[in-house]
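A.B. asks: So you can see what is in the structure, the chains are spelled out below.
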Amino acid sequence: MLNNAVTLNTLRFVLLVLAQVLIFNSLNLYGYINPLIYVLFFYWYPIKSNRPIFLLAGFLMGFVIDMFADTMALHAMAALTVAYARPLIMRFCFGINFEFQGFSFKNTTKLQRFTFLACLILIQHVIFFTLEILSFSHILLILKKILFTGMATLLIGGLLSSLFNRKPV
Amino acid sequence: MQRIINFILTNRNTFLYLILMLFCLNITIQSHSYHQSKFFNSSKWAIGTLFDSKSSLTDYFGLQRENQRLVQENESLRLQLLNTTTNPSATAKDAGMLQLYEVISARAIKNNIAAPRNYITINRGETHGVAQDMGVITPLGILGIVENTSAGYATVQSVLNTKSNINAKIKNTNYFGSLVWDANDHQILQLVDIPRSASIMVGDTIATGAMSSIFPEDIPIGLIEKYDLNQNQSSYNIQVRLFNDMANIKNVYVIRNKDRKEILELQNRTDAE
Numbered sequence: 001m002l003n004n005a006v007t008l009n010t011l012r013f014v015l016l017v018l019a020q021v022l023i024f025n026s027l028n029l030y031g032y033i034n035p036l037i038y039v040l041f042f043y044w045y046p047i048k049s050n051r052p053i054f055l056l057a058g059f060l061m062g063f064v065i066d067m068f069a070d071t072m073a074l075h076a077m078a079a080l081t082v083a084y085a086r087p088l089i090m091r092f093c094f095g096i097n098f099e100f101q102g103f104s105f106k107n108t109t110k111l112q113r114f115t116f117l118a119c120l121i122l123i124q125h126v127i128f129f130t131l132e133i134l135s136f137s138h139i140l141l142i143l144k145k146i147l148f149t150g151m152a153t154l155l156i157g158g159l160l161s162s163l164f165n166r167k168p169v
Numbered sequence: 001m002q003r004i005i006n007f008i009l010t011n012r013n014t015f016l017y018l019i020l021m022l023f024c025l026n027i028t029i030q031s032h033s034y035h036q037s038k039f040f041n042s043s044k045w046a047i048g049t050l051f052d053s054k055s056s057l058t059d060y061f062g063l064q065r066e067n068q069r070l071v072q073e074n075e076s077l078r079l080q081l082l083n084t085t086t087n088p089s090a091t092a093k094d095a096g097m098l099q100l101y102e103v104i105s106a107r108a109i110k111n112n113i114a115a116p117r118n119y120i121t122i123n124r125g126e127t128h129g130v131a132q133d134m135g136v137i138t139p140l141g142i143l144g145i146v147e148n149t150s151a152g153y154a155t156v157q158s159v160l161n162t163k164s165n166i167n168a169k170i171k172n173t174n175y176f177g178s179l180v181w182d183a184n185d186h187q188i189l190q191l192v193d194i195p196r197s198a199s200i201m202v203g204d205t206i207a208t209g210a211m212s213s214i215f216p217e218d219i220p221i222g223l224i225e226k227y228d229l230n231q232n233q234s235s236y237n238i239q240v241r242l243f244n245d246m247a248n249i250k251n252v253y254v255i256r257n258k259d260r261k262e263i264l265e266l267q268n269r270t271d272a273e
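If you're matching them up, the sequences are chains A and B in order.
Number 101 in my numbering belongs to position 101 of the first sequence; there are no gaps in the numbering.
Number 205 in my numbering belongs to position 205 of the second sequence; there are no gaps in the numbering.
Keep in mind that the hints were calculated from the coordinates and are not lab data.
Fair warning: there could be bad hints in the mix.
Under 8 Å between C-beta atoms, here's a sample of chain A residues computed to sit facing chain B [to be verified]:
| id | residue |
| --- | --- |
| 1 | Arg51 |
| 2 | Ala57 |
| 3 | Glu132 |
In this text, all values refer to a predicted model and were calculated from it rather than measured experimentally.
Glycine included, each C-beta is placed from N, C-alpha and C at the ideal position.
Just chain A, with the same shape it has in the complex (with noise of 0.2 Å):
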């Protein structure tokens, strides 16, 4: 069962971060949309976590698509802070059930995941793009491409997640 689980996350890990870096980073939507769908990762990673190995596993995903990005370490930290916030999203937008033995996916609301999936981009966005231009003269440049790369990302990523959604045990 664990191994079934290493499996399938090792392999969502290298397919988000080829879909990544070889079509979403080269999409160009309106000349600078690039959805960083990578973060379905954070979304679809069991909720019962070791939380170390789940940082190192986003740390190093962010790193790998940096490296075919060419933006030092812009998506690490982005992906790292995402992965390091997760418990706190998740006790927001599932409540204090969450921490229950029994509690799943499956008992959650398709707003409470749509949420969760939301919170998720927010913080992953709001610090890739601060640091990427990293300069208070261009906050409007900033703010227009959280907010529009954003909406890009939850669209494609609320699709995507609904296409690949498991069938309940």
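Fit chain B to the given chain A structure using the hints.
C.D. replies: The following block gives chain B in isolation, referenced to the frame of chain A:
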């Protein structure tokens, strides 16, 4: 001591987060002020190979347009060749130019335009003679400067990079300034420090200047879109519309200046004195 260790153990996730974050910040801030990180970039073998196979797959879709471009370029080169053979003095001058610069053809296998610091990866590296600080152009105009190389691949700092700073002038005059990018529009660059005394008009051509040992003089860049005076009214801020479509880059040429080493040595010696 025991309590410190306990404290670290109970907060180990936070410490792990902070350590990794510091590592990332270090890499990022270093390359903000100076060059792109030498180790973590897409000129590396594995990454280059992946992009290469992707581009050999997707290149078929743009084949027709790319062929058209190459035919156009051949046409203009052919035109130059035919016109120079009838003029012996020009031939002698061009022969001298030819010996000064070497050209290495390459293909862009990865291109970014959306970030404030964009890099292009090309499928030529050290084994083909590409080295840091060589200029890269397309048939239409300038593209960037080589930043990192591996055996078979190289990353090019695109002109669409806030760190980029290229010597440029208004064609057929000797007024020169710096070509920079404000990260807003991937078709518009900014030419600054052109003195107020220059007479400029919308539609004038901007080309590379003679002050750099990277690009040859008079490589086309773009047209003046609009201009205004800067804050202290002493020089122009010019918006330049690029000839190149930066979103669609395929065949490029790396330019090697054989005299660059000598020029740099001379400049260093002069600076030291």
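A.B. asks: Which hint numbers does the structure go against, in order from smallest to largest?
C.D. replies: 2
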